[in-house]
Amino acid sequence: MKVCTVGLDLPEGKVKYHDDKFMELVKKCDPLKVTPFYVEFIRDDLVHADAFVVSAEKVLDLLILDMEKLEGRRDRTEDAGEKALLSRCLEGLEMEVPLCDLALAPEELALIKTLAPLSLKPTLVMGELLAVNEIITRVLAKAKMVFFYTVGKKEVHAWPVHYHADIVTCAGKIHTDLARGFIKADIVKYDDFVNVFNMQEARAKKLVHLVDRDYHIEDGDIVEIRFNV
1 MKVCTVGLDL PEGKVKYHDD KFMELVKKCD PLKVTPFYVE FIRDDLVHAD AFVVSAEKVL
61 DLLILDMEKL EGRRDRTEDA GEKALLSRCL EGLEMEVPLC DLALAPEELA LIKTLAPLSL
121 KPTLVMGELL AVNEIITRVL AKAKMVFFYT VGKKEVHAWP VHYHADIVTC AGKIHTDLAR
181 GFIKADIVKY DDFVNVFNMQ EARAKKLVHL VDRDYHIEDG DIVEIRFNV
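Every letter in the sequence shown is one number past the one before it in the UniProt record's numbering, and letter 100, counting from 1, is 100.
Do not take every clue at face value.
As the list claims (entries may be wrong) - With a straight-line Cα cutoff of 27 Å, these simulated DSS-like cross-link-like pairs (lysine-lysine) come out:
1) Lys-206 - Lys-154
2) Lys-205 - Lys-14
3) Lys-184 - Lys-154
4) Lys-154 - Lys-16
5) Lys-83 - Lys-2
6) Lys-21 - Lys-184
7) Lys-16 - Lys-173
8) Lys-142 - Lys-69
9) Lys-184 - Lys-14
10) Lys-2 - Lys-33
11) Lys-14 - Lys-58
12) Lys-184 - Lys-142
13) Lys-33 - Lys-83
14) Lys-69 - Lys-113
15) Lys-205 - Lys-184
16) Lys-14 - Lys-142
17) Lys-16 - Lys-27
18) Lys-154 - Lys-173
19) Lys-113 - Lys-142
20) Lys-58 - Lys-33
21) Lys-113 - Lys-21
22) Lys-142 - Lys-154
23) Lys-33 - Lys-189
24) Lys-205 - Lys-83
25) Lys-33 - Lys-184
26) Lys-173 - Lys-28
27) Lys-21 - Lys-173
28) Lys-69 - Lys-121
29) Lys-2 - Lys-69
30) Lys-206 - Lys-27
31) Lys-121 - Lys-33
32) Lys-154 - Lys-205
33) Lys-28 - Lys-14
34) Lys-121 - Lys-142
35) Lys-2 - Lys-173
36) Lys-16 - Lys-28
To be clear, the hints were calculated from the coordinates, so they are not data collected in a lab.
Just so you know, these numbers come straight off a predicted model, no measurement behind them.
From just these sequences and the hints, can you work out the full model?
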């Protein structure tokens, strides 16, 4: 995830996210390899950012770029509904509210997306100085991202996905073959897994649930994919 900072003195580059669940799983499994989640903080590259962190004093520096784009579209369109929507969005921007924080219906959101405004991406406005890890936590929450995990002696891996992502999408995050040949998945909840010795004990205690492709991931799920290609 690339996070663009505006008006903040944060170091550029990749930062490892301190994820308590991940750290506990590493401690428990003692794997040969660990793959935590990293955020890359960048500056100036607004277009390629996945999210923004902006100081309250500089928020208009970001939002004014969206204002100019939406005003131009509003002045050109002859559609009354679109004009009203754009005017409502502009009112929010003028009140220093990023577009991602406005209450937009799905069809309104789809229309605004066609204009590719910056603040429709997750935008965290900071009025106080926070530790980097807390900033990442808040950005993830703003982006509605959660983690699932794959665990074992070979590797413990944290996988970020959008909240409520389906299990086939999650399988594809691990490897395209797992999504293509998906059969079912074994799921154990984090709280259950940390209270047993290993996955075998979790199965013996019936803590592992076999799910189909209609399952939607929950934060902290530990996942094993059954597949055939």
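Evaluated hints:
1. A distance of roughly 24 Å separates the Cα atoms of Lys-206 and Lys-154; the hinted pair therefore holds under the 27 Å criterion.
2. The suggested pairing of Lys-205 with Lys-14 is violated, with an alpha-carbon distance near 40 Å, which exceeds 27 Å.
3. In summary, the hint linking Lys-184 to Lys-154 is supported, as the alpha carbons are separated by about 22 Å, within the 27 Å threshold.
4. Proximity of Lys-154 to Lys-16 is assessed by CA-CA distance (about 20 Å); at most 27 Å being required, the pair is judged to hold.
5. For the proposed pair Lys-83 and Lys-2, the alpha carbon gap of about 32 Å is over 27 Å, so the pair is violated.
6. Among the hinted pairs, Lys-21 with Lys-184 is consistent with the structure: their alpha-carbon atoms are about 24 Å apart, no more than 27 Å.
7. Of the supplied pair hints, the one linking Lys-16 and Lys-173 holds, its CA atoms being roughly 19 Å apart against a limit of 27 Å.
8. At most 27 Å may separate the alpha-carbon atoms for a hinted pair to count; Lys-142 and Lys-69 meet this at roughly 23 Å.
9. Taken as a hint, the Lys-184 and Lys-14 pair is broken in the structure, with Cα atoms around 34 Å apart against an allowance of 27 Å.
10. For a cut-off of 27 Å, the pair hint linking Lys-2 to Lys-33 stands: about 24 Å separates their Cα positions.
11. For the proposed pair Lys-14 and Lys-58, the alpha carbon gap of about 23 Å is at most 27 Å, so the pair holds.
12. Between Lys-184 and Lys-142 the alpha-carbon distance is near 30 Å, which puts this suggested pair outside the 27 Å criterion.
13. For a cut-off of 27 Å, the pair hint linking Lys-33 to Lys-83 is broken: about 54 Å separates their Cα positions.
14. Of the supplied pair hints, the one linking Lys-69 and Lys-113 holds, its CA atoms being roughly 12 Å apart against a limit of 27 Å.
15. With a C-alpha separation of about 20 Å, the suggested pairing of Lys-205 with Lys-184 holds against the 27 Å cut-off.
16. A hinted pair counts as satisfied when its Cα atoms are at most 27 Å apart, and Lys-14 with Lys-142 qualifies at roughly 20 Å.
17. Annotation: proposed proximity of Lys-16 to Lys-27 holds, straight-line Cα distance about 17 Å (limit 27 Å).
18. For the proposed pair Lys-154 and Lys-173, the alpha carbon gap of about 18 Å is at most 27 Å, so the pair holds.
19. A distance of roughly 17 Å separates the Cα atoms of Lys-113 and Lys-142; the hinted pair therefore holds under the 27 Å criterion.
20. Distance hint between Lys-58 and Lys-33 is unfulfilled; the C-alpha atoms sit about 41 Å from each other, more than 27 Å.
21. Proposed proximity of Lys-113 and Lys-21 is contradicted: the alpha carbons are some 34 Å apart, above 27 Å.
22. A C-alpha spacing of about 32 Å is found between Lys-142 and Lys-154, which places the hinted pair above 27 Å, so the restraint is violated.
23. Our distance criterion of 27 Å between C-alpha atoms is met by Lys-33 and Lys-189, whose separation comes to about 22 Å.
24. For the given pair, Lys-205 sits about 59 Å from Lys-83 by alpha-carbon distance, which is inconsistent with the 27 Å threshold.
25. With a C-alpha separation of about 26 Å, the suggested pairing of Lys-33 with Lys-184 holds against the 27 Å cut-off.
26. Pair hint Lys-173 plus Lys-28 holds up; C-alpha atoms about 24 Å apart against a cutoff of 27 Å.
27. Between Lys-21 and Lys-173 the alpha-carbon distance is near 19 Å, which keeps this suggested pair within the 27 Å criterion.
28. Taken as a hint, the Lys-69 and Lys-121 pair is honoured in the structure, with Cα atoms around 15 Å apart against an allowance of 27 Å.
29. Only pairs whose Cα atoms come within 27 Å are accepted, and Lys-2 paired with Lys-69 is accepted, the gap being roughly 23 Å.
30. Between Lys-206 and Lys-27 the alpha-carbon distance is near 23 Å, which keeps this suggested pair within the 27 Å criterion.
31. With a CA separation close to 32 Å, the supplied pair Lys-121 and Lys-33 exceeds the 27 Å bound.
32. Distance check on the hinted pair: Lys-154 and Lys-205 sit about 24 Å apart at the alpha-carbon level, within 27 Å; holds.
33. Between Lys-28 and Lys-14, the direct Cα distance comes to roughly 26 Å. Compliance with the 27 Å bound is thereby established for this hinted pair.
34. Among the hinted pairs, Lys-121 with Lys-142 is consistent with the structure: their alpha-carbon atoms are about 9 Å apart, no more than 27 Å.
35. Between Lys-2 and Lys-173 the alpha-carbon distance is near 17 Å, which keeps this suggested pair within the 27 Å criterion.
36. Distance check on the hinted pair: Lys-16 and Lys-28 sit about 20 Å apart at the alpha-carbon level, within 27 Å; holds.
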